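*Asks:* Let the hints inform the model, and build the full structure from the sequences given.
The chain contents come next:
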Amino acid sequence: MTQANKILLEQHGDVTLLDIRGDITILSESSLNDAYADANNQGAGKILLKFERDIYINSGGISVLIQLLAKTEQNNQQIGIIGLSDHFTKIFNMVGITKFAKLYTTREDALEAIS
Amino acid sequence: MAMIQASDKHSIEVNLPSKIGYERIAIASSAALAKMGGFPVARIEDLKSAVAEACINAMQHGNQWRLEARVVVKMNLSDDRVVISVTDQGDGVSEVPKYPGIKKIIEENASPRGLGVFIIQQLVDEVKYNHSFDGGHTMTMEIRLPK
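As you go down the protein sequences, you meet chains L and W in turn.
According to numbering that gives the first Met the number 0, the first sequence is numbered sequentially starting from 0.
According to numbering that gives the first Met the number 0, the second sequence is numbered sequentially starting from 0.
Hints are all accurate, no fakes.
Quick list of in silico lysine-lysine cross-link-like pairs, DSS-like style, CA-CA up to 27 Å:
| id | chain 1 | residue 1 | chain 2 | residue 2 |
| --- | --- | --- | --- | --- |
| 1 | W | Lys-102 | L | Lys-89 |
| 2 | L | Lys-98 | L | Lys-70 |
| 3 | W | Lys-102 | L | Lys-45 |
| 4 | W | Lys-127 | W | Lys-18 |
| 5 | L | Lys-70 | W | Lys-97 |
| 6 | L | Lys-70 | L | Lys-45 |
| 7 | L | Lys-89 | W | Lys-103 |
| 8 | L | Lys-98 | W | Lys-103 |
| 9 | W | Lys-102 | L | Lys-101 |
| 10 | W | Lys-127 | L | Lys-89 |
| 11 | L | Lys-70 | L | Lys-89 |
| 12 | W | Lys-102 | L | Lys-98 |
| 13 | W | Lys-18 | L | Lys-5 |
| 14 | W | Lys-103 | L | Lys-45 |
| 15 | L | Lys-89 | W | Lys-97 |
| 16 | W | Lys-146 | L | Lys-89 |
| 17 | L | Lys-101 | W | Lys-103 |
| 18 | W | Lys-103 | L | Lys-49 |
| 19 | L | Lys-98 | W | Lys-97 |
| 20 | W | Lys-102 | L | Lys-70 |
| 21 | W | Lys-103 | L | Lys-70 |
| 22 | W | Lys-97 | L | Lys-101 |
| 23 | L | Lys-49 | W | Lys-102 |
| 24 | W | Lys-34 | L | Lys-89 |
| 25 | L | Lys-5 | L | Lys-70 |
On the chain L side, residues computed to face chain W include the following (Cβ under 7 Å):
| id | residue |
| --- | --- |
| 26 | Ser-62 |
| 27 | His-86 |
| 28 | Gly-95 |
Computed footprint of chain L on chain W; a stretch qualifies when at least three of its residues, placed anywhere within it, have a C-beta under 8 Å from a C-beta of chain L:
| id | stretch |
| --- | --- |
| 29 | 36 to 45 |
| 30 | 49 to 59 |
| 31 | 98 to 104 |
| 32 | 110 to 116 |
Source of the hints: derived by calculation from the structure; they are not laboratory data.
This structure is a prediction, so every number in the text was calculated from the model and none was measured.
Using N, Cα and C, we set each Cβ at its ideal position, and we do this for glycine too.
*Replies:* So, in structure tokens, the structure goes:
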């Protein structure tokens, strides 16, 4: 059955990268919130979410991500996303996530644009 | 436990408990059926997401996560389309919830209710809702081969 995500935090200059392993569903809520809280406590001003390419994301997971975006808005943090498949790039555009988080193709592109 | 059975030559039926994660069985079955029908990868991905959302809606809003309440997913492949019906044991809803949009969720703390249905409506060619008088609510989705 679905497991909670493993999330590794990496610092790249002033960008905190959350390397998220596993599917994004409602079961991701606590691990994503904990990882964001850790990044926030470290004073992150810019956040980059990295997903694995072939994962399963459903509306429960998207709702969790939207709540995370609400926190980054409240805290005036810049946020980007990398690693999405073409399908989930389409869905993230469809539901409006790209109004609040910019999608990048590669980690290098993202770090260059955000830093 | 989930059960899978073929009801006719091009039909599959999956019977699931209302527990998160079991929707993956319906996702895998529908994807396999669409692949057999020659659907392109992008449309199969659309179908997988639509089936996931319909099953989760049925488990959550229809069956209220009652483990003993079942979700029945019927899948039929014809020449140019896959038709999938997802039936729960709930009463259905008087009105299909409307996704409020991300700005209202983030800026006005609106509920994200309706997000799953919104995703389904965007991904499939046709969606219908039907309430059965002997109990149960069915969402039927159709996805067609691109011309």
